[in-house]
Structure formats: structure tokens, C-alpha cells
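Chemist: Chain by chain, the residues run as shown.
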Amino acid sequence: MSSTKHAQNADVFQQNKEKATWHDNALWFVREKRDRISKTLPEWEELRALGEKIKLHSVSHLASYLEQFAANAEANGVIVHWAKDAEEHNAIATEILQKHNAKKVVKSKSMLTEECDLNHYLEAKGIEIIESDLGERILQLNGTAPSHIVLPAIHMKREEVGELFSEKLNTEKGNSDPTYLTRAARVSLRNDFLTADAAMTGVNFGIAATGEIVICTNEGNADMGTSLAKLHIASMGLEKLIPDYESLSVLTRLLARSATGQPTTTYTSHFRKPVEGGEFHIILVDNGRSDILSNEEHIKSLNCIRCGACMNTCPVYRRSGGYSYTYFIPGPIGINLGMLKDPVKHSENLSACSLCYSCNNVCPVKIDLADQIYKWRQDLDSLGKANSSKKLISTGMQFLFTHPALFRTSLKFSSLAKYAPRSLTFGLKEWEDGRSLPPFAKESFTEMWKKGKVKKK
Amino acid sequence: MSSKDYILNNIRRNTRQVFDKPQMDLNAIRFDDQLAQFIEISKAVGGDAVVLKEGEDINQVIRSLYPDAKEIASTVEGITLTTLNPDEVNSPKELEAVDLAIIEGSFGVCENGCIWLPQQIKHKALYFVTQYLVIVLDRSKLVNNMHEGYKLISPSEKGFGVYISGPSKTADIEQALVVGAHGPKGLTVILK
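Residue numbers (UniProt numbering), protein chains in the order written: chain A, 1 to 457; chain B, 1 to 192.
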């Protein structure tokens, strides 16, 4: 039995070797696309540095930018709401929908509404909610959650989607052609767009200077929903706010290139006013974000623009899948956001990192993801979450290293370790899983040095 | 205390280090042959871009590209193929049967094929609900990158604007690219 929930879930993911290999390769392909496109811009690294600075500036001036944003949005005729937490966000959304007697809502992709578990909340109030991003719709029909923040159904094979659609959308049995299935979803969702009473969206960027929100999609689902319904409710995490168009120009250049290796998303939509005769609401959601500000070691988590590049590059994520993590956002950023949300509940995700630092190097806004994971690990003991066998090893090593005579003796016999059965070597069966013993040299460096076997230059 | 005050107070209390706004003096990418770059990138994002040659009739060019389009909606001056004035319908839902929409772009961005469209028609739904989309763009209105682009944008009266680059697309099933997710299944830019 592996030592953490993540490791146990990863074992399950790895049982289907073929699918696990496909998952690994598919995400690595996206990472390579990101590399190729970033190299077409000579200024790429400068752009990342600017992205980081813009976000740090925005987050450290959040109160004044929020006030500016709200004032400008209200002047544009938008109704702005403030929600302390998920519960308040869901209550506000429900109240708006009920006031408009909205029974059916189309929603575009929003990790924030996942965070708030909005869908279940609305369903319990008798409001039908339809996910309109294809990946999200597949998962909604399947009754499962996204396993990646940008490629939500990356863990599913076309055959599984084909089977699901034949059951739910009456497509031909056995037909799993992506174009055929996408067209079937298009027809079905068009009907939903045309009959929905309201549209809900997330937000990629909020612009303080203009009071508008910007949404980036490839499918056009956010635009279909919001241009056919009279009512638009946008849910926006506080950290989505940036100062102005100048800042936006930097971040739009980074987002799609980092996310999928595209030069841009198909649609970069700017919503400033309600549609003619309609209503436009923006719900500003805190849900723990304002507390992160005081946590200087982890404040850069608020830089995140949700591109998913850290997941695509992560050797652990690629080989364990999004469902192996206990937090709804997986991968390096999810490990950190989970710890900020509830460290006791999500500390076992900390094992899902080899500290290779690849995530730090691809993050478009330079979040120190691996450093943060390392820092969290130092806190594990105080959380009462340190792994007992690792603690035993550390304590043993400490004893050994501070007693030179004992250290030398044990080193002398270390080459014999290979003859001992594994579980006897350490007596730490669970720690041993996935680790192999290095071959020990017959002679230690000290012994060689004493015998004059080490040549001096 | 209102939630607004609670949130703002909490932010002010928790803000420690303050970072200045960076100078955005970036030496961003530029293109020697903007027209060639724009055509190339338009194709790379799944669309197409054609240059209207001297003496060519734009209506004939569009018709030859979309011979099967029946319901054609446009308010662009000089377009005679139009079968529907999109500003004359009451509900955006009435635009659902449009096969081809012809609209005018404000400027194009060479680094990524984006075309800026400040909403000029009554229902923005036309941009997304049409089966195919043609954007007419003045070839002299090309900029190198998004930094130059955003400097040109001023608020449109209708309160909506969108950068469009290529047709609607998705790769949500096994990362296989499918053009035509919810919006247009094809996009041609006519550079006049």
C-alpha cells in the first residue's frame, strides 16, 4: 500500500498501462506545442517577467482596483455583487435567477463555479444547468468532474465518449469519430443555447480601468450563451483583476500560448454592458483569496491565470491523472491552492512532486510552484501530517550523521545490504515501494583516501 | 458590515508588500511583410485569408467561396448577396438559420490572426450563431502584436467587442482538433 492518497490513486490510474501512457503522451504533446510557440517570440521570457510583475502589482493593489472596477462596471450599467464565500456566491446567483424566473441556464467553463459547487446547489433549487464547453458537457453527462482545468476530459478516450453519447445523445452505437461526436454535441447544445433563460460564465480577466470582463474560449460557447439569453451572470475570483488594456495585452499573449500552444484563443470577448433590454451581473468572489494576501510565502499563488501549463509539464500529473489529487484543481498549482484552502485535508497531495521544478519554468506568470510545495512539506510535522516512516528515517539518519564512529561502521557493512531481503533492509515496507536500493561501493571514499587510492591533481 | 466592506477591509488588513506597476517597454515582435504574415497565421488558426485583387467584385468572390449559402446576413456596405438584414430581426434567436454572415473588422493582428470587432450590429449573436463567417478587413489596417492592438481599442457604444481568430474549434475529445464547435465552421478574411 502506497503512503499517501495521491500515491494510492496513482497506483489505480497506472493499472491501465495503455491509457496511462496515452495520457502522459497527450499532455507532453501539449507541452511541446507550448515550447514551440513560445520560441517563435524572441521576447517570450521578458513577457513572462512582465506577466509576473503585472500580477504582483495587481494583487498588492487589490482593494483600490476592485473599487475602481466596481465603480466603472456600475457606470456601464452592470450590477456588481460581492460574495465572501462559496455559499454567498451560490445564494446570490440563485436569487438573480429566481427573480428572473429562470429555469434553465447555460454555463461556460468556470473553475470558480466548480470551486463553489454551484451546479449541485442550483439543481437542488430546481434550476437546470447545462455545461456548454464540450469537455465539461461530456463530464456533466458522465456525472464526473474535470480532471484538468483546461482539458477537462483529457482522461477519457474517444470510445468512452462515443458510448456515453450513444446513450445520452442518441448517436450511432460504436461511432467514436471526434468530428461526428462534436457535431452531435453542437446540435444538442444549440438547442440548449436557444432555449436557455440565462447564461452564466467565468471570467479570465477583469479590467479595472474600464469595468469590463474578458473571456477567452476556442469554442465560442460563452458568446453563444450570452448573446442569445437576456440575462448574463459572470462569476469572478478577486484575483482575476488587472489594471488596464496595457496589462491585458501582455496576459492575453501569454495565456493561450502557455495553455495549448496556440497563438491565441479563437475568441477574446470583452463584455462591458448588458445586451439591449437585458441584465448583466458580476459576482466578485473572495472565498479565501483575501486571506492568502497575508501569506507572503504563498502569495504568488494568486498570480495564477489558470492556463494549466504546470499540469502538462508535471511528470507526476501526467502519470497519475487529475483524479489522483484530493483537491478539485490538480497538478502543481492545485497542490498549492489545496493547501491554502485546507492544509489538513489536502496535505497528501504534497507527495505528488519530485521537485523537478519544470512547473516553475513554464508558468507564464512565474509562480514559484515547486518552492511553495517544498515549503509546505516543511510544515507537515506541525500539521501532524508528517509521514511516520520518513520521520523514522530522518531521525535515524540524524543519529547516524552525528555519531561518526557509528557512521563509519555502518558504511563498512553497507555493501552487504544488497544481500538482505528488501523489507528487512529498512523494515519500512511502504517507504520502499517505488524505490530501489542504490548499489553500495565496496570501499568508502574515506577508506580509499587512507589507502592512497585517490589521485590528487 | 456588508460583504463588500468585509472583503475590502480584509484585503487592506492582509496586504503586506506593495509592488509597483512595471514599465511595459517591451520590444515586441514585428513583421517586415505584415500582409504575408497575416495570411499565413489566418490559415494556421484554421481559417483563411484572401486578398481582393484590383477589379475583383467582392460579392462574386464570396459567392464562389460559399456557393451553397442560402440565408446570408450582412450590413456591410457594398454587399449585395444579402438575403437578411440582421438589424431588422427582433430576437437574436431569429438569426439561428443564417448560413453566412459577412461583417467588417476594425483591424487585424499579425502575430495571432486576431481581428477586432467592436459590436456594430444590433445582435452580437450573428458573429457566433452563423454557420460560416466572412470578415472584410482593410489590408492597411494591420498591426504587429496585441500591444499595438489594444492601443487602438476604444469603448464601443454597445458595450461589447471581440477579437476573433479563425473559426470556432475544440479538441476536447482526445485532443483531436475539430473545427466548428458551437460557432462558425469556417472563417474567411477578405483583405480589401
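Bear in mind the hints are in silico, worked out from the structure with no lab data behind them. Each hint should be verified, as a subset may be incorrect.
Per the computed footprint, the stretches of chain B lying under chain A, defined by three or more beta-carbons under 8 Å from a beta-carbon of chain A, are [to be verified]: (1) 2-15; (2) 62-76; (3) 96-108; (4) 129-143.
If we take Cβ atoms under 8 Å as the criterion, some of the chain B residues that face chain A in the derived model are [said to hold, decoys possible]: (5) Met24; (6) Asn85; (7) Ser165.
This structure is a prediction, so every number in the text was calculated from the model and none was measured. Cβ coordinates follow ideal geometry from the N, Cα and C atoms, glycine included.
Chemist: State for each hint whether it applies.
Modeler: Each hint tested on the structure:
1. 2-15: holds (count 12)
2. 62-76: violated (count 0)
3. 96-108: It is violated, with 1 qualifying residues against the three required.
4. 129-143: violated (count 1)
5. Met24: holds (5 Å)
6. Asn85: violated (16 Å)
7. Ser165: holds (5 Å)
Going through the hint list in order, the structure does not satisfy hints 2, 3, 4, 6.
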